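Colleague: These are the residues of each chain, in order.
Number of protein chains: 2
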Amino acid sequence: MKSGLCFLIAAKRCDIAELQQLALTSALVNACGRLVHALQRERGLSNLYLGSQGQRWAEERHAQVQQSLVIQDEVLACFDRLDTEASVHGARLFSRIAYVLQGLDALPALRARVESLAWTPARATAAYIRLVSGLLAVVFEAADSASDPDISRRLVALFNFMQGKEFAGQERATGSALFAAGRADTAGQQQLLHLIDSQERCLQVFADFASEALTTAWRGAQRHEHLAGLERLRRILCTTAAGGPLDAALSQTWFDSCTARIDAMKTVEDLLAAELLALCEQRIEAATADLANFERLKDNVPATAPGQGSAALSFFDDSPDERPLVTPGLGTSGQGYGLQLERSILELVQDQARRLQTVSNELDTVRASLNERKLVERAKGLLMAHRHLSEEEAHKTMRQMAMNQNRRLIEVAEAVLAMADVLPEPRR
Amino acid sequence: MKSGLCFLIAAKRCDIAELQQLALTSALVNACGRLVHALQRERGLSNLYLGSQGQRWAEERHAQVQQSLVIQDEVLACFDRLDTEASVHGARLFSRIAYVLQGLDALPALRARVESLAWTPARATAAYIRLVSGLLAVVFEAADSASDPDISRRLVALFNFMQGKEFAGQERATGSALFAAGRADTAGQQQLLHLIDSQERCLQVFADFASEALTTAWRGAQRHEHLAGLERLRRILCTTAAGGPLDAALSQTWFDSCTARIDAMKTVEDLLAAELLALCEQRIEAATADLANFERLKDNVPATAPGQGSAALSFFDDSPDERPLVTPGLGTSGQGYGLQLERSILELVQDQARRLQTVSNELDTVRASLNERKLVERAKGLLMAHRHLSEEEAHKTMRQMAMNQNRRLIEVAEAVLAMADVLPEPRR
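Protein sequence lines, in the order shown, are assigned to chains A and B.
Residue numbers are given in our numbering: position 30 of the first sequence equals residue 30, and the series is strictly consecutive.
Residue numbers are given in our numbering: position 174 of the second sequence equals residue 174, and the series is strictly consecutive.
To be clear, the hints were calculated from the coordinates, so they are not data collected in a lab.
All values reported here derive from a predicted model rather than from experimental measurement.
One thing to keep in mind: the hints can contain errors.
Computed beta-carbon distance windows for the label pairs [unchecked claim]: (1) Asn404(B) / Ala187(A): 21 to 27 Å; (2) Ala207(A) / Glu411(B): 30 to 36 Å; (3) Asp83(B) / His388(A): 43 to 49 Å; (4) Glu411(A) / Leu363(B): 21 to 27 Å; (5) Arg354(A) / Gln405(B): 43 to 49 Å; (6) Glu285(B) / His226(A): 57 to 63 Å; (7) Asp263(B) / Ala207(A): 53 to 59 Å; (8) Leu297(B) / Glu285(A): 39 to 45 Å; (9) Ala415(B) / Gln204(A): 39 to 45 Å; (10) Ala213(B) / Ala368(A): 32 to 38 Å; (11) Asp83(B) / Asp263(A): 30 to 36 Å; (12) Asn371(B) / Ala187(A): 38 to 44 Å; (13) Glu347(A) / Leu297(B): 31 to 37 Å; (14) Ala207(A) / Glu362(B): 57 to 63 Å.
We put the CB at the ideal spot given by N, CA and C, even for glycine.
Bound conformation, chain A alone:
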């Protein structure tokens, strides 16, 4: 018959297995982050290349593609190292990876379309965004599945920072297109404002969940002179009256200014990933020590029948002082040593139950911050099903609603979901 201690040991082993998987996932997340960074640069250069009708940026773009290819190989090697025979990593992570692999398969064809100027900048940008969002979904999955609150907190910070960086990348592309066109237009300006707003909200969640060391690092990484330059260009882009002229020569300044910001973000992202990995390793070490203690304890348990002793009875008491004194002769393990042991096992089990409760509470709080994204996704799904829209169209519709009504995307999502009950059941 397996004892309570035996199940405690099993629980600890599960914890360790999950932590080891998290450490592996963290390495994966870091690799994905580097690929996202490379693809963001590639997207920006592809945009400039397409915008110049292939007259400029060909060399820079080519060099960046080579770099992306190197990093892609590293990511693929990371994927390969995952144990696809075991079920520890979970169906969701594997499905996200399958999706990313399809995107990477399609990347050479996308590059050929850019190379031959067959696609518009907008179409190429949309394609890169889709691939990047697939990579970010891998990170999101990791953040949503970690069951250690501290690790989950850091993953949420990391995910939001990466997402914020992606909004910064899209801001760079949108601003580049506006400057390149030489003329302000309302749609582009609204999109820019939306991207700046989304970016800031992501960075706020990062600040809420990251360690103090990291928020300090991020403050330090932003140079005032860069920030001032960027804000000036943002002001020019956003406040020039629709149809008014924009100085095309500022295109390069804008690109460099945004790039400096995005590169600074990358250094903080790397620090975040390193901190996460260190935390996983620290947790594994602690859990392994706990496990060794439990196993030592197990070796000391005398081979008697499960405790009918008075120590066991304290299961029903709340406070230690309420615990009955030793009643000799009542139990089979009523002698000093066995009693001591029984009590410490009971305390371990009760500690564990309390810990479980605390962990579950903290996790709920951390994960609540992921709900915003989930609500937006859910509202998008609803629009897709009921109005037969593509994902991009649904997203655009909601963003347009947000802009027209001057509301946040999450508020529009809530409004859409509130309507769900009055809509007919979608076809499955």
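Position chain B relative to chain A; hints supplied.
Modeller: Positioned in the frame of chain A, the structure of chain B alone reads:
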């Protein structure tokens, strides 16, 4: 290099492993339900035995203890069958089981205290409640961890039904004590109202999430004549002025009437468990068939480099009609067969991504219903930490607040949690 299809296969294998684990957990849940039922009867009879100062009910109680022991052995055998070497079941389930095992270890000592009339009915009842709530926590864990929405829905229905049944059991005990005392008192009456209310809310959640077959079965299981008798006794208990006389002779009628209701609940609980197990098996069968299809597909994939063909490019398109036509010579697998295959893999991956989204949305909705319990637990934990209360004291405090303010327990929990920010940080 592992392909997208390879990760799809791995994801499907994870699904199957989880479903198999769920099927095992369902069997476990059913066994726990039977032990809960036996302990509820044992608690009721122990109460009557203690109330009669050991003059009556000794034989019935003894027979019930023997029956509980038989079922306990079945539950322990179920626990033993769990694979404690593997990590599929998860740390939380194992921790809950370790807790229950400690409780079962203490059960003989509890029974000895009842036998020798050493404990009051109230103290014995509290001890049984603690053990039953440990067993129900195992079921809750299963409901909170299932990642198939239909299975999760049924587990939520089952958990709430079992919890409702436990409230019915506590109602039986409280009413018995009132009739046995021969005198109405406000505290007992308020507790009774609270138990009836909690019970009805659990049964409402059950009705919201159970299949139509099961809600029909539950309606059928409640005989009108029984219900009318029970409601009449409830009215007598709740409306007799405090201090007014209650007919002690009704004690037996009350007990039998409650027992008939609880036994009827047990038959519905068994149907729920059977339905759950059948659903798990059906899902395993479907997933196994999917897996076989995927593997057949994999055998057919030609051993060329990952698709640089135009089929891959459709990753970036939303609607099928937007997909580019075959462009011969552009890809390495541009011939008819490979292209067809590549497209079907892409469709599988995209299907999977969409399914993941839908599943995640549905799961969130189902699990939201578990949040009420989580909020109450969280508020209780807060009170325990800040006011240094035992768990039972914290629960009592909240219940008292609910009664005094005529509010639901969940409302009190929300109020407690809303205060959390103004409270000092508890010591860890």
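Colleague: Could you run down the list of hints and mark each one as holding or not?
Modeller: Verification of the supplied hints:
no.	hint	in the structure
1	Asn404(B) / Ala187(A): 21 to 27 Å	violated, 58 Å
2	Ala207(A) / Glu411(B): 30 to 36 Å	holds, 33 Å
3	Asp83(B) / His388(A): 43 to 49 Å	holds, 46 Å
4	Glu411(A) / Leu363(B): 21 to 27 Å	holds, 24 Å
5	Arg354(A) / Gln405(B): 43 to 49 Å	violated, 28 Å
6	Glu285(B) / His226(A): 57 to 63 Å	holds, 60 Å
7	Asp263(B) / Ala207(A): 53 to 59 Å	holds, 57 Å
8	Leu297(B) / Glu285(A): 39 to 45 Å	holds, 43 Å
9	Ala415(B) / Gln204(A): 39 to 45 Å	violated, 28 Å
10	Ala213(B) / Ala368(A): 32 to 38 Å	holds, 35 Å
11	Asp83(B) / Asp263(A): 30 to 36 Å	violated, 49 Å
12	Asn371(B) / Ala187(A): 38 to 44 Å	holds, 40 Å
13	Glu347(A) / Leu297(B): 31 to 37 Å	violated, 54 Å
14	Ala207(A) / Glu362(B): 57 to 63 Å	violated, 32 Å
Of the numbered hints listed earlier, those contradicted by the structure are 1, 5, 9, 11, 13, 14.
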